[in-house]
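Q: If you want the building blocks of each chain, they are given just below.
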Amino acid sequence: MSLGKRVSNWFAERLGLDDLPFFKTPDYMFHANEWLGALVAASFIYTVISGLILLLYYNAAAGYQSTEAIINQVPYGSVVLYSHLYGSYAMIILAYVHMFRNYFVGAYKKPRELLWILGVLMLVLTLGASFLGYSLIGDALAVSAVDVGAGIVTSIPQLSFLIPIIFGNYDTGDYTRVLALHIILVALIGLLFVFHFFLAEHYGMMPSRKVKPKAPAVYTKEEWSKFNPWWPRNFVYMSSLVFMTWGFILAIPNALAYLNGLPQYFNPFMNPKPAPPPNSPAAAHITTYPPWFFLFLYKIADFTSDVVVFLMIGVIIPLIYLLIVPFLDRTDELHPLRRKVFSGIGILMITYLIQTSLWGDLAPGVQVSVKDQVIAYLVPAIIVALGLTFLNPMEQKVRPSSAISPMTSILFVVISLLFSGAVVQLIDYPSPLTFSIAMFLGSLFFLGARSMGSLVLNKNVSRSVPNRPVSEVNTSVMISNEKKKRLAEVIMSILFVLVVVIVAQMWTIPPTGYASNLFGVDLGLVFLMLGESISLYHYVVYKKPTEKEE
Amino acid sequence: MPLKVRIGNNEVRVLRSSDLYFVQKLLKAMRNPKTKFNSREFTTKGEEYLFNYVSKNVGGVDEGRRNFLKGIVIGVAAATVVGIIPGLRVLVPPVEQASGFPKSLLLDSSGNPLKASLIPVNSPIITLYEYPLTGEPNFLLNLGDKDGNPISISPIDVVVPQTGKTYKFPGGVGPHNSIVSYSAICQHLGCTPPYIHFYPPGNVSPSQLTAPEPDTLTAQALLAAKQANVPALIHCDCHGSTYDPYKGAAVLTGPTQRPLPTILLEYDSSTDYLYATGALGVATYPEGSDGIPSQDPTKDLDTSQYGSSVGDKTQVQANTNPFS
Ligand code: FES
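Keeping their order, the protein sequence lines are chains A and B. For the first sequence, my numbering gives the first residue as 1, with consecutive numbering after it. For the second sequence, my numbering gives the first residue as 1, with consecutive numbering after it.
In case anyone wonders, no lab produced these hints; they're calculated from the structure. Hints may be right or wrong, so weigh each one.
One-sided and incomplete, this derived list gives chain A residues near chain B with beta-carbon spacing under 10 Å [to be verified]:
no.: 1; residue: Ala488
no.: 2; residue: Met506
no.: 3; residue: Leu523
no.: 4; residue: Tyr537
no.: 5; residue: Val541
All figures in this text were calculated on a predicted structure; none of them were measured in a lab. We put the CB at the ideal spot given by N, CA and C, even for glycine.
Starting from the given sequences, assemble the full structure and let the hints guide the process.
A: Rendered as structure tokens:
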């Protein structure tokens, strides 16, 4: 036995890795959209770590000044701060994706009701913690967000006792209490996460509808004990996802930090930098907007001047609906087209959320007449209702969505954006580094474009049904797999060289000042490449020849 | 040596040496009692069992390739760690050290440059700005006579009673040469406003003897003012030190043994802006080992415990009127 093997065996024995009670994963589940929860957890962990680093420097008595000091004086402080912000953005987006994906596959049904409710509560806590975190910056936007939030609470007299509880004596600009609550909420998320995680492990991941078409969709102990054990395959796959998530969280905001003078309506989404302080003359000239994840609420406030109605539409009704949906939808059907009402509500929730958020971004604070409201919200409802009435579940038909998972398409969009950014950077600052980054992202882009293109252009790609015992191992499949594995090896070697080049460059980046955000971009790229090479390793080493291709 | 079979005109490779090796390994594993191949399970579960069995016991990928790939992954991970190392500097707090006095533009409370000609004469409101470090307040005074007309403040030698040494106070600046600035930290034991503040001419009167803190004047201070013939004072209510704002904040009454340090101001007559450019006299914090103050005000700048450099701008705040 080699030394490495002995060492890993030593740990495997001591840690009991072979008999961890974790759910074992069937082959067909090695897909990003079965692992959305892991992605949320990865961004949560990243945000906690970066937040703890910020906690070393943040001074609640001087919110804005200490934020500025973190950005300008602490070594790589801006890298940590911006990625902390985008870590929470990633967590919010991924939590929504995770939630709606599970909504549409009916994962809230028996026996996972409690799991679902915990998840919804965690989403609420996440939004709350993000709002408080956003306030901690102490810039003009944060102050206006706090003012709006406080205004909503105070306008309901019965609720105004909450003001000192939430904000303390907030007009003194002392954010001690906001900071404390921010941390408390995050700690609560962590606590619920433990329950959520262990419940998820207990019931196992939700099997494919093709395996378990009806409601208590769980693998029996007998079934799942045959699947891939947590160690090492699940672990390898999971770490590739974790590192990729971290890579995006680091690379995107630090690259965005170099964009300047964006049009106002991009600001809520694409500007990681703080606005001017509230008492400065510059503050008078900026359009204030809430954090993007509350833009929808901001717009709903334009619909009605009655705060109670506003809270009902914007917060309470959707929230209660999500909490009790496991008890409303009591059939054992899992197919979204056999639960048309609930699927329709789900589609409309997503549509309304995005629609209202964009509306709030483009026309903030513009009053909307009742007629316009009706038109804006009735049209999608009618389309969805009509669409669902005429759509019926088709058996054994290839749905295009099963070919491109939503995660893949999001990834592809992000990569395209990064690629175009890298090209701009290359044109602005031609150097071997920018060239290699552009080349790297370019190759990812073209790989993505090719695979997406073949799916879009060539409709009759045949796909095998997952996890069905395959009757024969086709030699041509073997050979094409072999080719792909060769290619994967080559890509991994290239990645290794690229990583070494970038790491060498990282040592030369100054810790503060304009160039320091490049460190974040580079570290993000390195994490992405680490994740990618682990994922390729997983592909080459663990992928079975009969497994469905991603 | 690949094994070849001829079908028609085509030569087809059937087995490569690596395949033979694989078969050999598989057979060995199947014979091994520990990893015995269960043929009954195979007949019931079919191919799936075979695949699981093979990948578990023989490994789908040959050992050499697996190790090579593992090596690359470990290499990338190691490089990532190397890349993170410089980032650990985020844990080292930046040393806040002002190496010299910055030239700081004085701003009014709304952030615009302060106009020197608009500073009220003999204002009773405590007017302060931080310089050279945050947390170090200084008075900004536009001095006038009894009737509120600005007075030109001329240069003068100031004595430090503790050491007997003197330094040259450069006089006032501004349109009437009437604007001066002194440290607002009492040189006795370090009281700060509102305990130490400026008493305009109207408040240097016996009625102040009975005024509540922090507006009390001692009889000594009144007497000293009369003797020196100064209409206004800087007085510290903590223990009664009195300074002469017209003469470089020289000591009028103890217990202080040092004058207030002067902040050097620069006046730009074309814009009417004021800049703080340095300090003069004694160090703000006289904490020399022998209790003797340094004549060199930059001594204080080496220590970071009093804040960080204010940079090229500093805001003037006039919030408190102690007499109201
Ligand atoms: S501290 Fe000012 S007189 Fe003592």
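Q: So, for every hint listed, does it hold in this structure?
A: Hints, verified against the model:
1. The beta carbon of A:Ala488 comes within 9 Å of a beta carbon in chain B, closer than 10 Å, and the hint placing it at the interface holds.
2. Checking A:Met506 against chain B: minimum C-beta separation of about 5 Å stays under 10 Å; hint holds.
3. About 6 Å separates the beta-carbon of A:Leu523 from the nearest beta-carbon of chain B, less than 10 Å, and the hint is met.
4. The beta carbon of A:Tyr537 is positioned within 10 Å of a beta carbon in chain B (closest approach about 5 Å), and the interface hint is therefore held.
5. Given the 10 Å rule on beta carbons, the hint for A:Val541 holds: about 5 Å separates it from the nearest Cβ of chain B.
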